[in-house]
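One line per chain: the protein sequences are X and H, in this order.
Just so you know, our numbering puts 145 at position 145 of the first sequence, and the rest follows in order with no gaps.
Just so you know, our numbering puts 28 at position 28 of the second sequence, and the rest follows in order with no gaps.
These are calculated hints, taken from the structure and not from any lab test.
Fair warning: there could be bad hints in the mix.
With a cut-off of at most 20 Å between alpha-carbon atoms, the simulated SDA-like pairs for lysine to any residue come out as follows [claimed, not checked]:
#1 X:Lys32 / X:Met45
#2 H:Lys138 / X:Arg49
#3 H:Lys138 / X:Ala46
#4 H:Lys121 / X:Arg126
#5 X:Lys121 / X:Lys138
#6 H:Lys138 / X:Ala112
#7 X:Lys138 / H:Arg48
#8 X:Lys138 / X:His105
#9 H:Lys121 / X:Pro113
#10 H:Lys138 / H:Glu103
#11 H:Lys121 / X:Glu119
#12 X:Lys32 / X:Pro52
#13 H:Lys121 / X:Lys32
#14 H:Lys32 / H:Ser2
#15 H:Lys121 / X:Asp130
#16 X:Lys121 / H:Ala129
#17 X:Lys138 / H:Ala54
#18 H:Lys121 / H:Glu103
#19 X:Lys138 / H:Ala112
#20 X:Lys138 / H:Ala102
#21 X:Lys121 / H:Pro122
#22 X:Lys121 / H:Arg48
#23 H:Lys138 / X:Arg115
#24 H:Lys138 / X:Ala54
#25 H:Lys138 / X:Ala125
Computed from a predicted structure; not experimentally measured.
Protein chains: 2
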Amino acid sequence: MSYELWYWPGIPGRGEFVRLTLEAGGIPYIDKARVEGAEAMMRDMAQRRPEPFAPPYLVAGTAVIAQVANILFFLGCEQGLAPAEQAPFVHQVQLTIADLVAEAHDTHHPVAPMRYYEEQKPEAARKAADFRHSRLPKYLGWFERALARSGGDWLTGETWSYADLSLFQLVEGLRYAFPQRMASLARDCPTLLALRDGVADLPELQDYFASDRRLPFTEEGIFRHYPELDGA
Amino acid sequence: MSYELWYWPGIPGRGEFVRLTLEAGGIPYIDKARVEGAEAMMRDMAQRRPEPFAPPYLVAGTAVIAQVANILFFLGCEQGLAPAEQAPFVHQVQLTIADLVAEAHDTHHPVAPMRYYEEQKPEAARKAADFRHSRLPKYLGWFERALARSGGDWLTGETWSYADLSLFQLVEGLRYAFPQRMASLARDCPTLLALRDGVADLPELQDYFASDRRLPFTEEGIFRHYPELDGA
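Taking the hints into account, I'd like the entire structure generated from these sequences.
Encoded structure:
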C-alpha cells in the first residue's frame with residue numbers, strides 16, 4: 001500500500017517532518033498536494049469525516065491521520081522506525097519538538113496567526129528576544145541531555161528513529177531562522193549538532209536531499225529568517 | 001501497581017487532564033507533589049534521566065512518561081480507556097486539545113512565558129481578541145464536527161474515552177477564562193456542551209468532584225479570568 005501525504009505544496013513546514021521519515025524509511029508515498037495542488041487538498045480535507053484540523057495528514061488505506069507527532073507515531077509502529085520498548089519516550093521527544101516548532105513559529109506570529117508578520121512586528125521583536133534568550137536554550141539543553149542518555153549515536157541507541165530525523169529538521173530550521181543565536185549556542189549542544197550531521201550524511205537520504213522533493217526554507221513557512229528577530 | 005502523578009500542586013493546569021482520567025478510570029495513583037510539595041517535585045525531576053521537560057509526568061514502574069497527550073495515550077492503552085481501533089483518532093483529538101490549551105495560555109502570556117501577565121498586557125489584549133474571534137470558533141467548530149461523527153454520546157461512540165474527559169476540562173477552562181465569549185459561541189457547539197454535561201454527570205466522577213482533590217481555576221494557571229481579555 002502506498003501512503004498519501006497531504007501538505008501545503010510550497011513550503012517544507014510541518015509536512016517535512018513526515019516527508020523525511022517516509023524518505024529515510026524508503027516508504028512508498030504520494031505527495032498529493034505537490035501533484036494536485038493546494039486547492040485539491042482543500043477539497044480533499046473538506047470531504048473527510050471529520051476533516052483534519054490542519055495539514056499535514058496521512059491517508060493510509062481507510063485511515064486518515066493528522067497531527068505530525070501522531071502520524072510519526074503511527075509510521076514508527078507500522079514501519080518499525082522506533083524501538084517498541086522506547087515508543088513512549090520517542091513520542092515524548094517528538095511532542096517536545098512540536099512544542100518548540102510552535103514557539104519558533106510564534107516568534108513571527110505572536111498575536112495574530114492569520115495576519116501578516118508586518119502587522120505584528122513590535123510584538124514579534126519582543127517574543128523573539130524571549131525565545132532566543134529563555135526558551136531556545138532551555139529546549140536545546142533538554143534535547144542535548146535526552147541524546148546524552150542514549151549511549152549510542154542516536155536518540156534510542158544504535159539506529160535512527162523518526163525523532164532523530166525530526167531533530168535534524170529542527171536544527172536546520174532554527175539555523176535558518178536564527179543563524180546568529182544558533183552559532184552562539186553551538187557550544188552548549190554538541191551532541192545535538194553531531195546528530196544533525198549524522199542525519200545529513202545518512203545514505204538513505206542522499207537521493208532525497210539532491211532532489212527537488214526537498215524544499216528550501218522561505219519566509220512563507222514556519223522557520224523564517226527575519227534578521228531583526230535574530231541576535232547572538 | 002499504583003501510578004505516581006507529578007504536577008504543580010496549586011493549580012489544575014495540564015495535570016488535571018491526567019487526573020480526570022485516573023479518577024474516572026478508578027485507577028490507583030498518588031498525587032505526589034500534592035503530598036510532598038513542589039520542591040520535592042523539582043528534586044524528583046532533576047534526578048530522572050532524562051528529566052521531563054516539564055510537569056506533568058507519570059511514573060509507572062520504571063517508566064517515566066511526560067507530555068499530557070503521551071501520558072493519556074499510554075493510560076488509554078494500558079487501562080482500556082480508548083477503543084484500540086480508534087486510538088490514533090482519539091490521540092489526534094487530544095493533540096488538538098493540547099494545541100488549543102497552549103493558545104489559551106498564550107492569551108495571557110503571548111510574548112514572555114516566564115514573566116508576569118502585567119508585563120505584557122497590551123500584547124495579551126491583542127492576542128486574546130484574535131483568539132476569541134478567530135482561533136476559538138475554529139477549534140470549537142472542529143470539536144463539534146468530530147463529536148457529530150461518532151453516532152453515540154461520546155467521541156468514539158457508546159463509552160467515554162480519555163479525550164471526552166479532556167474536552168470537559170477544556171470547556172470548563174474556557175468558560176472560566178472567557179465566560180462572555182463562550183456564552184456567545186454556545187449555539188455553535190451544542191454537541192460539545194452536551195458532552196461537557198455528560199462528563200459532569202458521570203457517576204464515577206462524583207466523589208472526585210466533591211473532594212478537595214479537584215482544584216479550582218485561579219489566575220495562577222493556564223485558564224485565567226481577566227475580564228479585560230474577554231468579550232462577547
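Which numbered hints fail: 5, 13, 22, 25
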